[in-house]
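So the sequences go chain by chain: A and B. Residues in the first sequence are numbered from 1 upward in steps of one, following UniProt numbering. Residues in the second sequence are numbered from 1 upward in steps of one, following UniProt numbering.
Everything labelled a hint here was simulated from the structure, so no lab data went into it. Small disclaimer: the values here were computed from a predicted structure and weren't measured. Take the hints with a grain of salt, since some may be wrong.
Across the chosen pairs, the derived CB separations fall in these ranges [as the list claims (entries may be wrong)]:
(1) A:Ser193 x B:Glu182: 32 to 38 Å
(2) A:Ala45 x B:Gly53: 47 to 53 Å
(3) A:Glu196 x B:Gly208: 44 to 50 Å
(4) A:Asp41 x B:Glu250: 50 to 56 Å
(5) A:Ala162 x B:Thr147: 47 to 53 Å
(6) A:Ala40 x B:Gly208: 39 to 45 Å
Going by beta-carbon spacing under 7 Å, a handful of chain A positions derived as facing chain B [what the hints assert, rightly or not]:
(7) Ala163
(8) Val167
(9) Val184
(10) Thr280
Here are the simulated DSS-like cross-link-like pairs (lysine-lysine), alpha carbons at most 30 Å apart as the crow flies [claimed, not checked]:
(11) A:Lys141 x B:Lys228
(12) B:Lys145 x A:Lys182
(13) A:Lys253 x A:Lys18
(14) B:Lys228 x A:Lys139
(15) B:Lys237 x A:Lys317
(16) B:Lys195 x B:Lys72
(17) B:Lys145 x A:Lys17
(18) B:Lys256 x A:Lys286
(19) B:Lys72 x A:Lys253
(20) B:Lys145 x B:Lys228
(21) A:Lys253 x A:Lys141
(22) A:Lys286 x A:Lys306
(23) B:Lys256 x A:Lys50
(24) B:Lys256 x A:Lys253
(25) B:Lys256 x A:Lys317
(26) A:Lys279 x B:Lys228
(27) B:Lys256 x A:Lys217
(28) A:Lys182 x A:Lys139
(29) A:Lys18 x A:Lys319
(30) B:Lys145 x A:Lys109
(31) B:Lys237 x A:Lys306
(32) A:Lys217 x A:Lys182
(33) B:Lys237 x A:Lys319
(34) A:Lys141 x A:Lys18
(35) B:Lys47 x A:Lys253
(36) A:Lys306 x B:Lys256
(37) B:Lys237 x A:Lys217
(38) A:Lys279 x B:Lys256
The beta carbon of each residue, even a glycine, is placed where N, CA and C say it ideally should be.
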Amino acid sequence: MAEVLVLVEATRDFAVKKVTLELLTLARTLGSPSAVVFGADGAAAALADKLGEYGAEKIYAGEGAEIDGHLVAPKATALADLVKRVQPAAVLLPSTQEGKEIAGRLAVKLDNGLLTDVVELTADGIATQPAFAGQVVVKSKVTRGIPIATVRPNSLTPTPAAASPQVEALEIALTPADTLAKVVDRVVEQKGSRPELTEASVVVSGGRGVGSGDNFKLVEELADLLGGAVGASRAAVDSGFYPHQFQVGQTGKTVSPQLYIALGISGAIQHRAGMQTSKTIVAVNKDAEAPIFELADYGVVGDLFKVVPQAAEEIRKRK
Amino acid sequence: MNIVVLVKQVPDSGSERNLAGDNTVERQSANNVINEMDEYAIEEALKIQEAHGGEVTILTMGPERATESIRKALSMGPDKAVHVLDDALHGSCAVATSKVLAAALGTLNADLIIAGAESTDGRVQVLPHMIAERLGVAALTGARKLTVDGGTLTIERQTEEGYEVVTAATPAVVSVWDTINEPRYPSFKGIMAAKKKPVQTLALADLGVDAGEVGFAGASSEVVEHAKRPARSGGQKVADDGNGGVALVEFLSSEKFV
Ligand SMILES: Cc1cc2nc3c(=O)[nH]c(=O)nc-3n(C[C@H](O)[C@H](O)[C@H](O)COP(=O)(O)OP(=O)(O)OC[C@H]3O[C@@H](n4cnc5c(N)ncnc54)[C@H](O)[C@@H]3O)c2cc1C
Ligand SMILES: Nc1ncnc2c1ncn2[C@@H]1O[C@H](COP(=O)(O)O)[C@@H](O)[C@H]1O
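Turn these sequences into a full structure, and let the hints guide you.
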C-alpha cells in the first residue's frame, strides 16, 4: 500500500495536536500513514508513542535549528524531497496558517494541485470543501499530481489503531532561499487550560451583547463548565472585550465543534462564516428577530445576564 | 523603498455568494469589492512610504471589472497600478495565479511586496508563500506588526500559543492580518487624483506566460460539482420565562453535553 504523508502539528512542548490524530485517521483510509515531524531536536521521539497509537506506520523526522529557526520554507523543501523519494498516494496537512503555507510552497515546488479547507477526502481523490462561509459545498480534485490537501480540524473523529513506527531521520538539503526568514523570538502569551479554539468540541462565544471585557467572565465560566473554548464576535473584539485571536468568523477562526453557543451575538453573515458548520448551535439573545436564531437548534430569547448565570448554576448542580 | 501591494477583487463577503455554472466564482452578478485584508496591506504600504519615501504600486490580476477596485485602491494614495488582464486567465488555480503574479512582479523590481494574509473568496492563504517561493525571496507572513529598519524587516506573527518574531532582509513578501492597522478612507481629493493615476495593463504575452499554463487549460485542480448547502432549519426557540437557563441546560443534557 502506498504511503500517505501526514504533516504533524504539535505544541512547542511536544503535545500532538488533535488535528494530527484526525489526519492519521483519514490517512488510514487512503493508504499507509507516515507521519512527518518537523521541529526542535527530540521532537519525533517525544511524539512517537502518540503517533503510533493512531496508526503511523513510519515517522520521518526533520529536526534541528535549520528547520525550527526559520519560517516554513525549509519544511516545504524537506517535504518536497520526501515526496519525490517515496511517491506517496497523498499528502495531508492541517488547514492552519502554517499547514496551508507549507502546502502552498509544496504545490509550487512539485507543480501539483492543491486543495485547502478539505472536510472529506475519498480514496479516489474527491475532496469536499465548504466555500463562501459554508453557504456552498464544493467537490473538487487535483488534476495534476497527487492530492495535496489541507484538512480542517474537527472534520472527523480520530480513532486509535495501534502501530509501532520506526523513526527515520531526514537528510535535509536546504538552499539559501530557504533560510531567509529567521524566527528570532517566540513569545508565549497566554496558555490557559482551555482547549484550542479550532480543536475544541465545545465553543462558547460572546458578542457585543456581553457588554464589556469584565462580563466575558460569564462566557468563560460557561465554557469552563462545558470543557470548551471561548470565542468572540468581531464586534466584541473591536470593542476590546476579548483578544483578536479568539475571533470567530470570516476574518477570524473557522470552528466546527460539536456544540457552539452564541451569547449576545446577532449572527451576521460574516460571523456565520466561522461557525455555521458546527454540529449543534445554541443561542441566547434578547432580540427574538436576531438572525442567529435561523440557524440555532435551540434558542433562548432572553437576557443573557439572567439566562447564563442560571444555566451555569444548573450545570453545577447536576455535576 | 519600492513597494508593490497585491490587491484582489472579490465578491462582497456580506452578500450571497455562489459559484457560476462553470464552477468559478460568480463575479458577474456579485457586488465586487477590494478583498478586505488587502486594504490593510495598502495602508501598511502607505505608512512605510510616508516614513521612508519611495513608490507604491498596486498589482491586480483579474477581469475587466477589477478596474473599479484598482481605482478604489489608488484613491487611498498609491502612485500607480498594474492590471494583469487576459481572457485566458479565467479558471486559474492558485498555482497558476502565483505564476502570473510572480511574472508580473519580475517586471516591477520591488523591495517589498505586501499582500493580504488571505482572500475572502478562496480563503486559501497560500499566494504570498507561493510567490516568494517562485521569486526566491523571503516571506514574512501573517503579520500583526511590521517594522522597517533600513533593509531589514521584522514582523510579529500571531500563533496559537503567543507570537513569533520573524526577520528578513529585503526583497521580501509580507502578508498582513487586519490587526496590523486601521485603513484610511479615501479623501475626495484622493478619489479625484486616482482617476488620473497610471494603470498599466499587461497581457500574458507581455509576461512571457503561455496561455496553456493558466486558466482552465492549465489548472492543477478542478471543481467537479458544487451545491448550495441546505439552509439550517432553525430548531426550537423559547422565550425566557424566568427559567430559560434551566431549560437551556435541559436541552444540553438531552444532547449529552452535560
Ligand atoms: C469584511 C468583513 C469581515 C467581517 N468579519 C467578521 C468576523 O470574522 N467575525 C464576526 O463575528 N464578524 C465579522 N464581521 C462583522 C459582522 O458583520 C458583524 O458586525 C458582527 O459579527 C456583529 O457582532 P455581534 O453579533 O457581537 O454584534 P451585534 O450585531 O451588535 O449584535 C449584538 C447582539 O447582542 C444582543 N444582545 C444585546 N444585549 C443582550 C443581552 N443582555 N442579552 C442577550 N442578548 C443581548 C442583541 O440583541 C444583538 O443581537 C465582518 C464584517 C465585514 C464587513
Ligand atoms: N488575483 C490576484 N491579484 C492580486 N493579488 C492577489 C490575487 N489573488 C491573491 N492575491 C493576494 O494574495 C493574498 C492572499 O490570497 P489567497 O492566497 O488567495 O488567500 C490576497 O490577500 C492578495 O493580496
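> Against the structure shown, which of the earlier numbered hints fail to hold, in ascending order?
Replying inline: 7, 8, 20, 28, 32
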